[in-house]
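Participant: So the chains spell out like this:
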Amino acid sequence: MDDRVKKVLVIGGGPAGMEAALKIGQAGFRAVLVEREPDLGGTLRKLVSSFPRWENPADLVGVKVQMLEGNRNIERLTSTAVLTAERFERGFRVTLKHLNNGGSREIRADAVILATGFDLMDASVYGEYGYGIYPNVINSLEFEDRLRGWKEGAESIPKGIAFFKCVGSRDRSKGFPYCSKICCMYTAKQAGLVKDLFPGAKVYVFYMDYRAAGKGYEEFVRDVIEKKHVRYVRGRPAKVLPEKGRLLVRAEDTLMGIPVEVVVDTVVLASAVVPRADTRALAKMLGALTDEYGFIEPLPYTAVRSGERVFFAGGCGFACETQGALQQGAAAAAEVIAFFNKS
Amino acid sequence: MDTEIYTPLRLDEIDSALQRELKEKIDIDIETCLECGKCSGGCSNGHIFDYTPRKIVQLVKLGDEETLAGMDALWICLSCQLCLDRCPSGIDIPRILDYLREKAVTRGVKASRPDVHLFMELMLEEARDKGRVSEVPLMIRFKRKTGQYLKDAGLGFKMFLKGKLSPFPSRMQKPEGLKKLLSERKSEKKD
Amino acid sequence: MQVKRVVQPENKIPEVPQSVFLFRSCTGSLEYPGTENAVRETLRILGIEAVMDPDQTCCSGYLLTCSAHKPEVSLAVTARNLALVEQKNLDTYTFCNGCYGYLSELSHILLHNPAYLSMANDLVARWGYRYEGRTKIFHVQEMWYRLRERIAGKIVRPLKGLRVGVHYGCHYLAKQYGILDDGGYPTFHEELIELMGGTPVFYKERQLCCGYAVGRGFTHREEIVQPHLYKKFRSAREAGVELMTTVCPGCNVALDREQPNLNRRYGEDFRIAVIDLAQLIALAIGVLVQKLGFEANTMPLDDILKKIAPEKGS
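Chains as they are written, first to last, in our numbering: chain A, 1 to 343; chain B, 344 to 534; chain C, 535 to 848.
Just so you know, the hints here were simulated from the structure itself, not pulled from any lab data.
Watch out, some of these pointers could steer you wrong.
Said to hold, decoys possible - Chain A stretches covered by chain B per the calculated footprint, using a threshold of three residues with CB under 8 Å from any CB of chain B:
| hint | stretch |
| --- | --- |
| 1 | 176–188 |
| 2 | 256–267 |
Unchecked claim - Taking lysine-lysine and the DSS-like style, the derived pairs with C-alpha atoms no more than 25 Å apart in a straight line are:
| hint | chain 1 | residue 1 | chain 2 | residue 2 |
| --- | --- | --- | --- | --- |
| 3 | C | K709 | A | K239 |
| 4 | B | K486 | B | K368 |
| 5 | A | K342 | A | K7 |
| 6 | B | K368 | A | K228 |
| 7 | A | K195 | A | K174 |
| 8 | A | K228 | A | K151 |
| 9 | B | K366 | A | K195 |
| 10 | B | K366 | A | K228 |
| 11 | A | K159 | C | K738 |
| 12 | C | K604 | C | K765 |
| 13 | A | K284 | A | K97 |
| 14 | B | K501 | B | K453 |
| 15 | C | K738 | A | K244 |
| 16 | B | K368 | A | K227 |
| 17 | B | K366 | A | K227 |
| 18 | C | K709 | A | K174 |
| 19 | A | K239 | C | K765 |
| 20 | C | K738 | A | K174 |
C-beta atoms are modelled at their ideal positions from N, C-alpha and C, and glycine is treated no differently.
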């Protein structure tokens, strides 16, 4: 029996990684939380507001960071990335690189939790939408920046905004066949926020369906539609064209079966969720399974275990909302703890 | 000069006046429509409507008053209330149709089914004149106005023989009060 | 899933051939013989021999677009035409989007349905033909883009900033796979225009179909085709388009020949000349203006020729 305190490397400091590191630290094991950005929080740091309760994500991040800082079992390494990783004895040997001063450091870990999170697909394949061609066609993460700018009192007041859902998702031809799960909810959030900030703006959401499968989710979306008066139009838009300095959207209102048009200032694309670029390489180094899209794949009959001593949580496994990331982080930590207690 | 150029409907230029009107005047908020189609699925006459109940609500959202005033569904709806009964949001579609029908008639829009409109008007006339609506006088009025004298004549005769049709209509004792009430309403509506 | 739809021209045409079979277009060669000539001359200047054959027939696309008959009826015609090309061991180059679309589609049907192939070959065997699927189908616009550097090196009449609005037409980009550009937002013609010194104009209805819809021009000219074209030309005029280019004689007919009727009906003054991209390239690389057959164009090219080819004032 090994008397040394077991150590877990958690790659990724978003909600999944933070929760995992926290639970491991609280259980009495050591955790090294590695995050390539200068601050913890992952994608949460880019977000303005959250569903279903319109809470500020920064508050959640603040709470978690405080708890992490208060736990001496947890080492937080920000601005740090994993350079190499390989199996070594009954664990891993990992080289970490500091992204600012270029220094590197080697650590040993008895287990690894991958929590590298997600990214959004590059929507420029959709030439018909003009992403990368028209400056005001942006994706939903880029739109969060605009929302923050507006909240802090930015200049341009939008007269009209159109949100396109399922850009790249549910698309066998140019995108991915899967559903990215979170876009219906975050689009409702973004649309609702615009109406809160600018009640006079015309806000449209072009959808095929809206998937609100969670506690308080359906009510959230109905609220955005019925109380904030965001106009939902059923029909996947076909084309975005320039119209006298603004943008013209062509779609069909499938419920009536008639083509419709709308002229707006900004088009926001809810692009498909994809795993972050470095996930596949990391998975290979650590011996974790991945699926055809690069998402980490669980072993049969498990939820968060992807290989021998390798676990995962959050967006790198598939699109999930904050709550899901926290849950998966805790689950991965529980798996690790159980594993350690057994050996 | 013909400047016909076909362009699709511009959503940002539609007038939501009708939607607001329904909310203010008859307290129906169609924003709560989930677009599920349960109303259309169970509509008694849905298969012969030109616009099914779900589409009718969508037309209100699109502000298309012209289509709504001229559509066939306005006059062949049976008011069976199944749509209202089944709607998960409780949207009172029959009431919406009543409202639209009244509005169309007031504006003078020709009904898609003139006989239906005529029948309703004659029924009100009967009520106004006699205080009660009796079948035989109403039928006589209708047949005079439409010239359909021989239609259902055989059936009518059989009913008369069985004592189901009375040539002597019952009258209200003091019809003047009702007459006054109805004419007040009529002039009120004209304002 | 993310399948590669767009191919690089160097992958589609790895080696530039010395001779190609130029597939004559019924509408092209009859309505705009200048286009056919421009294609031949341009190919010649670029170092490629264009082989033609009077035995070739129409691709039958005209009737197919009208939906006059089922595609199966055109299979033997396609087999014969392509067998004719295969006898010469060449690849097939068309200069009409319609021919390109239909030859590609029909040859695909033949090569993936053995029953159809044997039926077609049985028929055409009577005249000694046999289609094997050896000849590949291209459109000359692909060759222009493939040889864009060669073209750029041969410009003698730069376009001097001429505002050109491209019309891609539908049937090339509609193929979606194995084409040179994304149907969502194509730009390869505009690149050629820029190379020649012109100003490409991205007018709003750039990707709108020409509305020719072979047959509708006869049956529904006023109801459908004219309002449709009006939308296109209004958008082109608003953006300041001086010249429109096409790569399909069908489109050329619709856009060129209908303008006077539009002007009459809508009280307008559209004066946008419409020529084939090959004619524009030929003009830029110095082909004699007489050889380009602009007399066949309804909308006059005088102003444009004055600007680009002043030596032949026309």
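Participant: Next step is simple, just say for each hint if it's right about the structure.
Facilitator: Checked hints:
1. 176–188: violated (count 0)
2. 256–267: holds (count 8)
3. K709/C with K239/A: Roughly 18 Å separates the two Cα atoms, so the pair holds.
4. K486/B with K368/B: 36 Å, violated
5. K342/A with K7/A: 15 Å, holds
6. K368/B with K228/A: 21 Å, holds
7. K195/A with K174/A: Cα-Cα ~32 Å, so violated.
8. K228/A with K151/A: 17 Å, holds
9. K366/B with K195/A: 20 Å, holds
10. K366/B with K228/A: 15 Å, holds
11. K159/A with K738/C: 21 Å, holds
12. K604/C with K765/C: Measuring from Cα to Cα gives roughly 32 Å; hence the hint is violated.
13. K284/A with K97/A: Satisfied, since the Cα-Cα distance of roughly 18 Å is no more than 25 Å.
14. K501/B with K453/B: 35 Å, violated
15. K738/C with K244/A: The given pair, whose Cα atoms are some 9 Å apart, holds under the 25 Å limit.
16. K368/B with K227/A: The hint holds at about 19 Å.
17. K366/B with K227/A: Answer holds: K366/B to K227/A is near 13 Å, not above 25 Å.
18. K709/C with K174/A: 14 Å, holds
19. K239/A with K765/C: Answer holds: K239/A to K765/C is near 16 Å, not above 25 Å.
20. K738/C with K174/A: With a Cα-Cα distance of about 24 Å, the restraint between K738/C and K174/A holds, given a limit of 25 Å.
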